[in-house]
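In case you want the letters, here they are:
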Amino acid sequence: MAVSPVPDRPPRNWWLIGGVAAFLLAMTGWSAEGIGFSLIELMCNIGGGGRLLAESWPPDFAFLPRLAEPFMETLNIAIVGTVIGGILSLPVAVLAARNLTLGRIVWFADRNFMNVLRTLPDLFWAMLFATAVGFGPVAGALALSVFTIAVISKLWSESLESIDMGLPEAVRAAGGTWLEMLKFGAVPQAMQHYVSYALYAFELNVRASMVLGLVGAGGIGMILETQRANFEYERVAMIILVVLVAVLIIEEISEAIRRRLT
Amino acid sequence: MTEPRGRIRFSGAGVTYPNGTVGMKDLDLEIEPGEFVVIVGSSGAGKSTLLRAINGLNRLTSGTVEVDGQAVAQREGRELRALRKRVGMIFQDFRLVKRLSVINNVLIGRLAHVPVWRALLGLWPQHDRDVALRALERVGIPEKAWVRASALSGGQQQRVGIARALAQEPAIILADEPVASLDPVTTHQIMRDLVRINRELGITTLVNLHFLDLAREYGQRIIGLRHGELVYDGSARTVTDEDFRDIYGRDFTEDDLLDEEAL
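Chains A and B, in that order, give the protein sequences.
Residue numbers are given in my numbering: position 87 of the first sequence equals residue 87, and the series is strictly consecutive.
For any residue, its number in my numbering is found by taking its place in the second sequence, counting from 1, and adding 1000.
Some hints here could point you the wrong way.
To be verified - Selected chain B positions facing chain A (in silico; Cβ < 7 Å):
1) M1089
2) R1118
3) A1119
4) V1195
5) I1197
Note that these hints are calculated values from the structure, not bench results.
Only a predicted model underlies this, so the values are computations on that prediction, with no experimental measurement involved.
We put the CB at the ideal spot given by N, CA and C, even for glycine.
Using the sequences and the hints given, assemble the complete structure.
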């Protein structure tokens, strides 16, 4: 058989490449101008940030024992939020997956529901639940539940959409119902992803519960807010260090779990 | 049960896919209980369409398919599930839950026999576990019951697929290219298993194959399809090379045979 030569590389569309680059540059310039962002000013004033950092050093380790209790509360808020949200995100994700959902209307409604959850910030949910159950850790946990649903259902519905539909079809062919098709055909293929996303959501929740503390949801965020207001930067540094270490530990644990899942 | 089991009847059945492709055209066909039928035809001839119409995985756009005198429902629901309960299916790509044990895969064949809540919670009744184990014994791998499906060879995985179909205690087994991803030796083993099960249990068996020599060796009755139409229907003993040429619409080559020296 005659071997045909490799054809020449098709010419690049320089007009398109140049156009996109110019567009991006213009957008950036316009936005920087709009918020009064200037590199030169940043250079001149960076010392102020440095002073803040210097004041925060060294972290106040004597403050550590007093962090134990609020830190546990933060963890508790994050755990409750992740578990409730993790469970509720299951149906939300399934119904948002085009290949598994129960009809176009359900799919459309669920997609929009997810978008609303995602669009409204966790602080909004915290305020909402605070008016319902009062300021405190319960409101925080509920807010994080919503946040968790938003995170997991978005990511997991995409995993579910990418599964191989052969197995669900085989379950159907054996006379399985929709729920059985999910349990035996769809979920086993996306289980690892679910666990990954749940752990990721937990990590986000530990961090987010700091922010929620600012609005009185309790936990370590509340301490952070009082110390910051009192200019106790060495204590603030200690709090941030604790959260940093906690997040790193969670990351390590979830990595280990994910490895064992395969 | 004395009702006639596993009779299939197509009457003027047609399938036109949404993209306009004709998968089946005005098919009239009757298959008797206990028959072992091999369906041949080149790819796209409508072999899968025919099988999948019997258990409602493909919807008819005209005509009817009946199983034991009852028309196959054309939408998901209780009626279709009741039919599927009696029709086991075996696939080219096995379609097992890789991360589950073999026995749990076979138990999927019992889904239509147990309440949904039991299946979802994994609380299988003892009777159904026994049926699943017997199915595994019948395909000769009971010792693999607690092994993960992903740890099995291709041939063993297909045996689990057969056991899953058997666990349904079906009247009909549909095998859609069951040996297309297996090596020649395993292919013959699986084909022999299917024939043996057909003889022992009297289950009506329809097998899609694309290798002509396999069709001749294992088929009792051969059905040839071309462009969604029935072009051959006869005994495997009397089928000629000329017939195969008609079915395929071309001379066949060694690509159409599993064992090349058989040409």
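Comparing the hints with the structure gives:
1. Residue-level restraint check for B/M1089 holds (minimum Cβ-Cβ distance to chain A is 4 Å; threshold 7 Å).
2. Restraint check, B/R1118 versus chain A: the minimum CB separation of about 11 Å is more than 7 Å; hint violated.
3. Look at B/A1119: its Cβ gets to within about 6 Å of chain A, closer than 7 Å, so that hint holds up.
4. Residue-level restraint check for B/V1195 is violated (minimum Cβ-Cβ distance to chain A is 22 Å; threshold 7 Å).
5. This hint is violated: B/I1197 has a C-beta 17 Å from the nearest C-beta of chain A, more than the 7 Å allowed.
The structure does not agree with the numbered hints 2, 4 and 5 stated previously, though it agrees with the rest.
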